[in-house]
Structures are given as structure tokens and as C-alpha cells.
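**Student:** Chain residues, written in single-letter form:
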Amino acid sequence: MSLSDDTATRAGERPVRRRRRLRSRRPVAVAAAVVAVAVVAAVLVASARGGDDRPARQAGAGPIAGGSLTYAVAGTQVSLDPAVAATAVTGLIDRNVFDSLVAQTGPATFGPWLATGWKVSNGGRTYTFTLRQGVTFHDGTPFTAQAVKATLDHVVDPATKSAYAASLIAPYKEARVVNDHVVEVTLARPFTPFLQALSVPYLGIQSPAALAKPVADYRPVGTGPFSFVSWEKDKRVTLRKNARYASPPAGASHQGAPYLDDLVFEFVSEDATRYGALTSGQAQGIAGVPPVNAAKLKSPADFSFSAQETPGLNYNLYLNQTRGPLRDVRVRRALSASINVDQLVKNIYFGLFPVARNPLSRTTAAYDASAESAFASYDPAEARRLLDEAGWTTGENGYRVKDGKTLTLVWPYWAEGNKEQRDVLAQGIQAQAKLVGIKIERPTVDTGAFVGTYLIGGAYDLVDVSFARPTPDVLRFAFASGNTYAKAGGNVALVKSPQIDHWVEEAAETSDPATAERDYSSVQQEVLRQAYVVPLYTPVQLTAFSAKVRGIAFDAQTYPVFYGAWLGG
Amino acid sequence: MPSLARRLLRRLALTLVAVWGAATLAFAGMRLVPGDPARVIAGGVQANATPEVLDAIRDQYGLREPVLVQYGVFAGRLLRGDLGGSYQLNQPVSGVILDQLGPTVALAAGAAALGFTLAVAVALVTAGRPHGRAVSRALEFGSISTPNFWIGVLLLAVFSFRLHWFPVIGDGGLRSLVLPSVALALPIAGVLAQVTREGLERALDQPFAVTARARGATENRIRLRHALRHAALPVLTLSGWALGELLAGAVVVETVFARQGLGHVVVAAVRGRDFPVVTGVVVLSALTFSLINIVLDLLYRLVDPRMRPEPA
Numbered sequence: 001m002s003l004s005d006d007t008a009t010r011a012g013e014r015p016v017r018r019r020r021r022l023r024s025r026r027p028v029a030v031a032a033a034v035v036a037v038a039v040v041a042a043v044l045v046a047s048a049r050g051g052d053d054r055p056a057r058q059a060g061a062g063p064i065a066g067g068s069l070t071y072a073v074a075g076t077q078v079s080l081d082p083a084v085a086a087t088a089v090t091g092l093i094d095r096n097v098f099d100s101l102v103a104q105t106g107p108a109t110f111g112p113w114l115a116t117g118w119k120v121s122n123g124g125r126t127y128t129f130t131l132r133q134g135v136t137f138h139d140g141t142p143f144t145a146q147a148v149k150a151t152l153d154h155v156v157d158p159a160t161k162s163a164y165a166a167s168l169i170a171p172y173k174e175a176r177v178v179n180d181h182v183v184e185v186t187l188a189r190p191f192t193p194f195l196q197a198l199s200v201p202y203l204g205i206q207s208p209a210a211l212a213k214p215v216a217d218y219r220p221v222g223t224g225p226f227s228f229v230s231w232e233k234d235k236r237v238t239l240r241k242n243a244r245y246a247s248p249p250a251g252a253s254h255q256g257a258p259y260l261d262d263l264v265f266e267f268v269s270e271d272a273t274r275y276g277a278l279t280s281g282q283a284q285g286i287a288g289v290p291p292v293n294a295a296k297l298k299s300p301a302d303f304s305f306s307a308q309e310t311p312g313l314n315y316n317l318y319l320n321q322t323r324g325p326l327r328d329v330r331v332r333r334a335l336s337a338s339i340n341v342d343q344l345v346k347n348i349y350f351g352l353f354p355v356a357r358n359p360l361s362r363t364t365a366a367y368d369a370s371a372e373s374a375f376a377s378y379d380p381a382e383a384r385r386l387l388d389e390a391g392w393t394t395g396e397n398g399y400r401v402k403d404g405k406t407l408t409l410v411w412p413y414w415a416e417g418n419k420e421q422r423d424v425l426a427q428g429i430q431a432q433a434k435l436v437g438i439k440i441e442r443p444t445v446d447t448g449a450f451v452g453t454y455l456i457g458g459a460y461d462l463v464d465v466s467f468a469r470p471t472p473d474v475l476r477f478a479f480a481s482g483n484t485y486a487k488a489g490g491n492v493a494l495v496k497s498p499q500i501d502h503w504v505e506e507a508a509e510t511s512d513p514a515t516a517e518r519d520y521s522s523v524q525q526e527v528l529r530q531a532y533v534v535p536l537y538t539p540v541q542l543t544a545f546s547a548k549v550r551g552i553a554f555d556a557q558t559y560p561v562f563y564g565a566w567l568g569g
Numbered sequence: 001m002p003s004l005a006r007r008l009l010r011r012l013a014l015t016l017v018a019v020w021g022a023a024t025l026a027f028a029g030m031r032l033v034p035g036d037p038a039r040v041i042a043g044g045v046q047a048n049a050t051p052e053v054l055d056a057i058r059d060q061y062g063l064r065e066p067v068l069v070q071y072g073v074f075a076g077r078l079l080r081g082d083l084g085g086s087y088q089l090n091q092p093v094s095g096v097i098l099d100q101l102g103p104t105v106a107l108a109a110g111a112a113a114l115g116f117t118l119a120v121a122v123a124l125v126t127a128g129r130p131h132g133r134a135v136s137r138a139l140e141f142g143s144i145s146t147p148n149f150w151i152g153v154l155l156l157a158v159f160s161f162r163l164h165w166f167p168v169i170g171d172g173g174l175r176s177l178v179l180p181s182v183a184l185a186l187p188i189a190g191v192l193a194q195v196t197r198e199g200l201e202r203a204l205d206q207p208f209a210v211t212a213r214a215r216g217a218t219e220n221r222i223r224l225r226h227a228l229r230h231a232a233l234p235v236l237t238l239s240g241w242a243l244g245e246l247l248a249g250a251v252v253v254e255t256v257f258a259r260q261g262l263g264h265v266v267v268a269a270v271r272g273r274d275f276p277v278v279t280g281v282v283v284l285s286a287l288t289f290s291l292i293n294i295v296l297d298l299l300y301r302l303v304d305p306r307m308r309p310e311p312a
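Protein chains in written order, with the UniProt record's numbering: chain A, 1 to 569; chain B, 1 to 312.
Here chain B stands alone, though its shape is the one from the complex (with noise of 0.2 Å):
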């Protein structure tokens, strides 16, 4: 398949493209912030750093460079994948993101295999029946409209400091992961069950859904066999809206429940303007995203043969 190949690297072509632009934005949006970077090296606001160790700061980083040579310096160490050191962590960025990528990934993948395989439940067993819908559409719509943080508190008051079943602090293993995956899961598995209920639904009218009846296919065999299979095009399509989500998501979840990740890291790199880290987590959500999003191109085909293309 020479088509699929070339259009494979199209895609990772652009996908540098993307990381470059991601990169650059980041460092437009960093330097365009009002503020002296080298005085948040030097702590922050409360800090009381003397001109010397300001002055100090500004050539040990290069600061006093014009802004053009500081982005040259960037993109050069950038293109040999050098993200630079942390501004207040005295850490190579690479090292910040690799320790707290983890707990993150943990918790983003649990969310999402929580999300997904609720959404699809909940799709499955309610779509085309009436009451069960309606009742549904309302959970969903709650858990839509909920922020995570408050699905959060409430979670750890009933589930950890009432019923003491799951840890917030030290180390819970698995079972420290379990109320923070349903707070982030909660609110992507209400907007990806209604799409797939929909999905669903419409499939289930379709004159293939009658003719398989026609023909004596149980009801699960249609919803489970041939509808789902029409109702997964779109919920592959908010797939990446989800990534982006969980990642969002993640920041605030990880507040709630004191866990470490990435959110943590970036939420303290805005914060304090660690530049070098914020680009790093900024590149690698880009590359995240724009990977994912070809696996998807590539999930569409398998799944709908109606896009592979026509054998010449």
C-alpha cells in the first residue's frame, strides 16, 4: 500500500511542523508575559533577590541576549532534542518530565479505559429504549456539567474520609488511582455516551439493522455486531477532544487528590515562569496529540472499510 506509506509521512512531516509551531508559540507566549524572567529564577514575587544575583542570573541564562538570538539558542538546542534545564528545579526538563510522566499516564489511561468502556455500557444498554434513556441523559448531563474538582471533593469525602476504602495520602498503590481515574473519567464518559448512543440509535434504524433482524439476529448480535461498529466513527473523532480533556483535566485532579504529575509540573512552570519546562510539556503534548490523532486516521480505516482505498 505505497499510498498509505506516503501518506504516513506526510503525516509525521506535519507533525514536526506542528511540534515547531507548538514550540515556537510557547516561546512567543512566554516572552510577550509582562515580567523579568530572571527575578522569577531568583524565586518569584516574595523573593528577595539583590541586583547581584539578578545581574548574575541574566548571563548565566543569556536574558541579556536580543530576543531573535534567545530563540535561535532555542530552536538549535531544540532540533537535537535538548529541551534545556528548569529555571527553578536546577534539573535537566527532560528529567522533571520523565519522573512525574508516569503518575500521569497512569491516571490519564485509567480515566480513559474507565470513560470509554462506561460510555459504551451505557450506550449499549439504554440506546432506543426510552426510559432508560431519559434516565441516563440526566446522569449524563450531571456528570457533563460537573466540574471535576467538585466530583473530586465530593468522591473523597464519602469514598476516603467516611467509608476509609481508598487512601488520598501515601502510598495506595492501584487503589490510590481509583477515585481520582472516576472524577476525570466522569464528565468525557457523559459526552461520549450520548455520541454513542446517537450513534447507535441511528444505526439501529437503518434498513441493515432490519434485515439482520429480519433474518433472526438476536438483539445483541445487532447492537454488539453491526451498530456499534456505525456508532464508533464518531466517537473516534472526540477521541482526541478526550486526550485533551483528560490532559486538562488531569491538572486539577491531581490538585484535589495531592498527586504527583504533569499537571503539577506545568501548573508550577506557568506559575513561576520556568520557561524551559513549560516548553518541554508544551512539545510533548503537541507530539502526543498530533501521534494520536494518526493512530485514529488509522483506527478509521479499520474500522470503516468504506474509507480504505479502492484496490486499482
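Chain A with its partners taken away, still in its complex shape (with noise of 0.2 Å):
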């Protein structure tokens, strides 16, 4: 009996019955509609729309100033202080507030900034700067050479602990204040990256005045096209406009002044949250698109949807070649070959991301495609023959077996780190792998025992990490013997090859160019060969703004520059 009939048949059937009214006299009902209605209007009132503050419409086409941009991106901070944090957010807001000495023009091009010009001498170990005249800190401090020298005894002083920018400068010694417009910085070794080290916000130069003050009183005050007002924890941070600006790097797309009024970063974590603030007008550009949402906003009539893809380490899987059945290099490349990438990529990120086949992105300096072909890329059945002719036989469950034990390879999931769905990635790259019969698991660990147990206590076959940062020295960084996680490196690897670390530290020390190039693809090559690792994917930032905002450019790390950028009608 289908629902319908036994309904119609209980309606005809239903007796007459008069609806008891013993206890219904409604006024309880009425004065609850009546508070309900009352409390929707005033509600509704006192949500009328508030007011549009863009500036006003003016004649012709060329950039007008004025007007608030409100940019919202994901993540917080614990510290404005560029030389502190190792956020991405800190250096995304940081890189409005400061100028650094030198810019960086191209992969591997550097233009003058706070520096007019620049000396290397003494074989790479000694950079004199010439400093630009007339620059003055938001607080009215003169930029002299005192500030550079302040400014890098700050982040390497260990009080100071710093996460990141005194990683980058490791070699620094000393800077020595020749006159007030000449600086002398003196490096332990050679180091070309050096001068790329410079140019980020990490390193950005502070006013020495402010650095004088207490921890706890920090201001972020440099040269930069803006200056920094309040910082609401979790919040936002509001920058206003340094009409003085004065020193716009290399390449910028105008003088004097910014356009904008004020820069308001808000802090929206939730990615659905931060997508419908933009869509909704409540802010004009976002930083972290969800890749679901991304073919919305590419049609575009009322946004502008940007992907810049980073430069330095892609999101590659490291395998530890000092233990268990990873020891054997036929064994790495089966893995490799067992993992069918670019489906993976393709299926999860709607294709926004690039299939990497490199460890280094092919946005960094000294990207070598060729090395590609020494890559074992996906092909199941040399996986197994690989397998096989290292002596892993089938066994029950389908899952290679030798002198009794089963390929198992631990690859532990510290759920925290997750993003872009990376999890996802890694059910497909278990999936696929467990057909060529190789086992991977899992454990989900929390951020303790991720770093004591398995980055620092080496217990794991797998571990999966990307690092952003536009130079090639990425790869000394991610493959030097002395460069594992416990020495503040990125070797999760465990790579431990005279041969690589004679490359990536010539690299570093030649000033020949060709030399360091052809030294860093042999690194990627050798690393490709050796299946130390397995590229998966190039992390893309996806930004977008309204329409309205113009004249937005993005720098050599993906940021967005927001000095040129106003508000059109």
C-alpha cells in the first residue's frame, strides 16, 4: 500500500471529533508570537545596510587614492615582529610595514631597494652596502647604516628567537657601520643566497628606536608604504597609508605615495566564512581561495582570481633511506613508481595545482626539467618487478612479504599540519600503493610526538612537507647531511651523500653562476635517481579580489603588493 492511499483512506475514515479546548485559551501563545515578531523587527532594523566607503568617482582612468581595502587570509600570528615569526601571515602584513635592502626582480635577479648598490669582495665573504639617502622610519627615525647593523644583530641575537629569518642568514658575523650611508656586512663563509635572504620580509629594516624598547611594548615600525596602527589578536590588523614613502623598490609601479588610505588584514580561518566575505562585498580580496569555490570566481566580471605558484620546495613526500626496507633503493623507486601522481592531483585539485615531477618548483632559479627523466615515475608494473627482483614476495592480504615480514612503511599523519586536503592525497597514494602490495600506515599524532617521536626520534618511513622560498639553495636546505630536522633543516630524508653536500655547499659558495646551476641540477637529478623523494604537487596561492581593486602585483614570494593597488568606481 503506497503512502498516498493509506492517507486518503484515514482521512475519509477520520471520525468527527470536536478538538478539546479545555486548556487552550491561546494568550500565552499570542504574547510569545508578539515578543518573537517584536524581537525579529528591531533586528531588522537595527541591520539596515551600513554605508559604502568607496572614494569617490573621478574623472579619467588612471589610479585614484583613497578608499580602505580589507583583505582577509587565513591564520594568525603570535608576533608582528618579522624577525620572530615564521608565519606566512607575518610576513604577508610585515611586507606593507617594511622595505628590505634589496629586491628581488626575477628567479634569480636582485634590484636595488633600501640599498642603492652593493660590493661583494673578500671571495664572497664580505657585502658593502650604499644605502639610500632621506628615507626616514614611520617614527621619524633616520634610516642609516645603525639601522641595517640593528637590525641584523636583532634577529640573529638568540634573546630575540627567532623561527625563521636567522635560519636564513646563518653564515652572518658581523655588520660594521662604515659612515652613515655605507654598510659592511661580513659573512663566516660564502653565501650567494645572501642577498635573497635580504630581500624578504623576515628581513625587513626595522627602525633601531623601536627595537630599543621592551619585548613587550613591540611596534613594528619601518619604511614601508604603510604604517602600523592596531593589532587585534585574532582578529585583524589595520595599517594606514605613509604619505612620506619615499623608497619603493626596483620595479615598483609608481613613486611617492601608496593609493589606498588604509590596509585592513582580517583573520578568517574558516575557508566557507572567508569565501562569502568576498562574495558578499564584506571584503575586497581573499588570500586562500578554496579550490572548490575557485571556478566561481574565474568568470571575471566581478572578481579578479589569481594562482601564483610558489618557488622553492614543491609538496613532495620524503623517504627515510636509513631505515627498514627504504635502505634499499629498489624498493624507494618501487614506491615511486607505484603512485599514479598526476590522477591523483588532477582528481582532488580540480586542476588548479600543477603535477610536480621535481623536487623544486619550476618557479625557483636552477629548476632543471630534465631532470625529470631520472624520476621513476608511475608505471605499476616495474614497481613490481622491482619489488620482486629485491626479493619482496606476494603474500597474503596481497602485501609484499620477506624473511617473514610484511613491506610496511610508517607515515604518520600530524593532523594539524593538514591542508589543501593533503590527507585525501594520502589516502590515494595508500590505496595505490597497497595494490603494487606495499603497506602504509598511518598513526594520526599530535604536534609532540610528531616532532620527538618521528621528526627528531627518526621513527617513520614517510613524511610529507613543502617549504616555500624563492631560491635554489631550497635544496641544500632539504639535502645536506647536516641540514636534518633536530639542526633546524629540512633533510626528513635522511639523506647523507658527500656527493650532494659537495654540490649544494659549492652552490652556495661559487660566485660563477654556471657552476652553482649546473651543481643544483645535478642535486635534482641525483635526489630524483635515488627516489629520496617523490614529488606530488606545486602549492599554488590563490588569491582573489573584487573588481573594484586595480593595480594589484604579486612579488617574487607570491605576496600580493599592495602599493600599487586602488579602488576603481
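Treat the hints loosely; a few may be bogus.
Sample of chain A residues facing chain B (criterion: CB under 7 Å; computed from the structure) [stated by the list, open to error]:
| # | residue |
| --- | --- |
| 1 | P158 |
| 2 | V215 |
| 3 | A216 |
| 4 | S269 |
| 5 | D271 |
| 6 | Q282 |
Quick look at which bits of chain A chain B covers, simulated, 3 or more residues with Cβ under 8 Å [what the hints assert, rightly or not]:
| # | segment |
| --- | --- |
| 7 | 70-78 |
| 8 | 233-245 |
It should be emphasised that the hints constitute simulated quantities derived from the structure, not laboratory data.
For glycine and all other residues, C-beta sits at the position ideal for the given N, C-alpha and C.
The two chains are supplied separately, each in an independent frame; assemble them into the complex guided by the hints.
**Tutor:** Written as C-alpha cells, this is what we have:
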């Protein structure tokens, strides 16, 4: 019997029944309804839409000065001092407050900024910078050689507890003030990535007067296009136009003050909320567009969408070559060949993230596309052959067995660090490895265990990580034997190769670009041939702005540059 | 009423014990979790702190001392009301908490007021009325089983992003409090409405209700003046639970609505193993819970004359 039949029957049979009204005089209900209506009405009145603070329209197509831009970002920060913080969002915000000594103008080229010129001497150990004149910090302190020295000394001071900046200039020995506008920096050893390090916001030049204050009273004071106004923790950072701005970097969009009056960074960690804030006009721009929503923003009538591939190390899977089955290069290559990275990455990220076939992203200097030939790319038949050859036979459950032991790899899952659906990608990898008989276990671990037991304790076979920095020197960070995690490095494959050490060190010290390029190229080939690493995808910064926002550019670090931004009609 | 005074004193003493216990548990918990606090202080997993920096931190925070010595230092400071300084924020913990307390209290108070009002109104209207009860039970179960998170996203999508009534970004003042309060209040209102209605229905079935009715009291009067008081007892009991829900829900709601508040502070502190901040919040919560329970205890007496001590 269908539902409608049933209902019809019952309706037909329903006896005539007088509703009892013994206790239903209704004033309570009426009163409640009145209250409810009143509340809703009050709320509606209170919420009449606020005014729009876009600047008045002017004639002409040129940039219009004025207005406030709200940029919503994920994540939050613990300190605004670029020398202390390691979080990307701090770099993004501080970029507008601080100028650097030099500007990165291309994958391997640098132009003047606060330094008008520089000279390298003493076999690459001494950098002499000539400084721009007539520049003042937001607090009125003049910019001199003393400020450069104070900034660098502040970064390397252990009391600063620098989480990132100090590691960028590890060979820094001392800075010497030659005169007000010349500073001489001495390094403990030749170090070509030095200029690149100086170009990032984490080494932005700070006002010595501000650095002299107690840590609890720290305010970021630089020479940048915007000055710091306020930081409401976990809520927003507000910056204001520096009307006296006079030190834009080489290649800047214009000279003089920025166009925007106010620049507000709102911390909105929830993806859906951030996206909604943009589409409803509450924010004029957002970082971290959810890939699911990206397609909707690509039609450019109301929004401009941009995907910036991050330079540096791709999102890679590193194979711990010191432990268990992965000591055998054949097993490492078999694992690499068992994973159909192309298919997984395309399906999970809607084609927005480029599939990687090299540990370096293709926007990095010294990226060598030909290294791909050394990569054990997807080939399950080859994977099975390699496992057979290495003596791993198929046992019950389909997993490979040798000497009574199942071929099991431990890949800790650090949930707090998960982003960009990397857990889903890992599930795909797990499933595909299983097809050739490799068992991947993913214990969920908290931060303490992840660092203590795994990264430092070494009880893992696989670890996944990405590391953005626009220099090929990241290869030294990731593969030099001295750069293990315990020593503040990123060599999580625990590579111990004198050959690789030689290449990355020579490349960091040589003044000959051709030698450096050849060395970096050799490293890329070797780590793929040895299958220390399985490249997965290149992280992409997905940003979107309202179509009203004009003049946004992106710097070498893929940060949006707000100096030339303005609000159109 | 000397017995009441003595009772209050006893409760306050117990409160101190509870706070001490909570603080000790927090201390133990943060020490039992594996991992090196120095590395956490230096900026977490992604940080590239050098061994020299880590050593400096261990010295500065006394992390090389035996755990018992560290506990002694910690307990001593707590006795003086000093919660210490945050590992990550370079600020005293009391400052961190005070800064963020306001928005959370506003959110929790708004949600509590809304939740209780809604629950009592719904219960009064639907108690003993089969049709109304059926509809409201369905809605209540819906609101109880829907996570705050999802309610929040739905509210935002409709009332902020589509209708533009309530901004999620910027200084909306009271307006920015409406949606988060609703998201936080609904699940609590669902439970409280059920309990209140059940209490009301039980009371309405009792002889005194019949008596009142027989004397010509109106239905409103019976419900508001007679039955509600009886229904209030189990609701009071549940208020303690509701407070816990409010604090737990605040963490989620603050994230969805990008609000400032203690929820954010706690999440960041637990993730970052910012031990002094975690302890500070734990102490504050234990204190709040205890004090609220004392107040509830007094309220019981106010609501129910049977619980007042017999005059000698």
C-alpha cells in the first residue's frame, strides 16, 4: 500500500471529533508570538545596511587615491616582529610595513631597494651596501647604516628567539657601520643566497628606536608604504598609508605614497566564511581561495582570480633512506613508481595545482626540467618488477613479504598541520601503493609526538612537507647531510651523500652562476634517481580580489603587493 | 542563618580545592604530552630554531629543572595569583585572558539569554498540546543534533552573504553578535526546551494544577505562576551543563564567525603548547564553574521553599 492511499483512507475514515479546548485559551501563545515578532523587527531595524566607503569616483582612467581595502587571510600570528615570527601571514602583513635592503626582481636577479648598490668582496664573505638617503622610519628616525646593523643583530640575537629569519642568514658574523650611508656585512663563509635572504620581509629593516623598546611594547616600525596602526589579536591588523613614502623597490609600479588610505588584514580562518566575505562584498580580497570555489571566481566580471605557483620546494613526499625496507633504492623506486601522482592531484585539486615531477617548483631559479627523466614515474609493472628483484614476494592479503616481514611503511599523520586536503591525497597514495603490495600505515599523531618521536626520533619511513622560498638553496636545506630536522634543517629523508653535500655547498659558495646551476641540476637528478623524494604538487597561492580593486601585483614570494593597489568605481 | 553561612564557606573552600586540582591536572597534562616545550616556544614545528636558541629558552623558562621543582614554582606563583607569562605572546597571561574575555562573555551571555528565553517560551506554548509538541520536538531534535559549526555556516550563508543583514567582518557592534549567539544558543535551547516542557507537563498533571484550575485560574496563570516554578528545578540543574556547552561551543563559533575571544586563545594555546595560557584558562573555567554552581545552589532554595532549612 502506498503512502498516499493510506493517507486518503485515513482522511476518509477520520471520525468527527470536537477538539478539546479545555486548556487552550491562547494568550501565552499570542504573547510569545508578539515577542518574537518584536525581536525580529528590532533586529531588522538595527541591521539596516551600513554605508559603502568606496572613494568618490573621479574622471580619468588613472589610479584614484583613497579608500580602504580589507584583505581576509587564514591563520593568525603570535608576533608582528618579522625577526621573530615564522608564519606566512606575518610576512604578508609586514611586507607592507618594512622595506628590505634589496628587492628580488626575478628567479635569480636582485635590484636596489633601501640599498642603492652593493659590492661583494673577500671571496664572497663581505657585502658592502650603499644606502638610500633621505628615508625616514614611520617614527621619524632617519634610516642609516646603524638601522641595518641593529636589525641584523636583532635577528641573530638568541634572546629574539627567531623562528625563521635567523636561519636565513646563518653565516652572518657582523655588520660594521662605515659611515651613515655605507654598511659592511661580514659572513663566516661565502654564501650566495644572502641577497635573496635580505629581500624577504622577515629581514625587513626595522627602526633602531623601536627595537630598543621592551619586547612587550613591540610595535613594527619600518620605512614601508604603510605604517602600523593596531593589532587586535585573532581579529585584524590595521595599517595606514605612509604619506611620506619615498623608497619603493626597483621595478615598482610608481613613486611616492601608496594610493590606499587604509589597509586592513582580517583573520578569517574558516574557508567558507572567507569566501562568503568576498562574494558578499565584506572583504575586497581574500587569500587561500578554497579550490572548490575557484571555478566560480574565474569568470572575471566581478572578481579577479589569481593562482601564483610558489617557488622553492614543492609539496613532496620524503623517503627515510636510513630505515627498514627503504634502505634499498629498488624499494624506494618501486614506491615512487606505484603512485599515479598525475591522476590523484588532478582529481583532488580540480586541475588548479600543477603536478610536480621535480622536488623544486618550476618557478625557482636553477629548476631543471630534464631532471624528470631520472624520476621513477607511475609504472606499476615496473614497481612490481623492482620489488620482485629486491626479494619481496607476494604474501597473503596481497602485501609483499620478505623474511616473514610484511613490507610496511610508517607515514605519521600530523593532523594539525594538515591543509589543502593533503590527507585525501595521502589516502590515494596509500591505496595505490597497496596495489603493488606496499602497506602504508598512517598513525595520527599530535604535535609533540610528531616532533619528538618522528621528526627527531626518526621512527618514520615517509614524511610529507612543502617549503616555499624563492631560491634553489632550498636544496641544501632539504638534502644536505648536516641539515636534519634536529639541526633546524629540512633533510627529512635523512640523506647522507658526500656527493650531494659537495654540490649544494659549492653552489652556495661559488660566485660563478654557471657552476651553481650545474650543481643544483645534479642534485635534482640525483635525489630523483635515488628516489629520496617523490614530488607531488606545486603549492599555489589562490587569491581573489573584487573587480573594484586595481593595480595588484605579486612579488617573488607570491605575496600580493598593495603599494600600487587602488579602488576603482 | 548561620547554617547557610557555614555552608557557603564550605563551598568556597571546596572551590579553592577544585581550582587547585584543575590547575594541577592542567600542569600534569601539559607535561605528559610528548614533545619538547622549548621547541614549541621557539615557534613550533615549522620553525627553524637553532640548538643555541633552544638552549637559551630552556634556561629562561627553567625547563631543565626536575618536574617537581617546576611544579613547585608553578604552584607558588599560582598562590600569589600570578599566572605567569605566555610562552608565545610575550605578554602576561592575565593580560591575554582579560583582553579576550569581553567578546567571549558577550557571546556566551547573548547565547544564554537567547537559549533560556527561547526554551521557556517554546515549552510554555507547547506543553500539554500534542500538535505543538510534535512540531517543536522535531525542531528541538534537529537543533540538538546539528553541530554549531553547521548552524553557523548556514546562518552566515543566508543572513550575511545573501541578505547582507549581519556583517561577519568589521565592527558590527551588537549586530555582529546576533548570528553567533543564535548559532550557539540553538542546541542549548533544544535540550532546555525539552526538559522544561517535561517539567511543565508533570506539574500540570498534579493535583495542585487541578485545584488551581477549579478555583478559576486562567491557563496562563496556572502555567506561569504554578507550573513553571516546578519545571524550573531540573532546568537549574542543567544550567551547569549549559555553561559547559557554551564554553565548548564558543571555540567553534568564534572560528566560524572570525570572532575574537577565549575560544581562539585556548585553541592556539593548546596547539602551541602555550602552557601558562592553558593553565590560566583552566583556572578561570574552574573558578567560573564553581561560582556558578554556588549561585545555582542558592537559587534552588529561592525557587523551592522545601529546600529551605526548617526554622528551629
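**Student:** For which of the previously enumerated hints does the structure constitute a violation, in increasing order of number?
**Tutor:** 5
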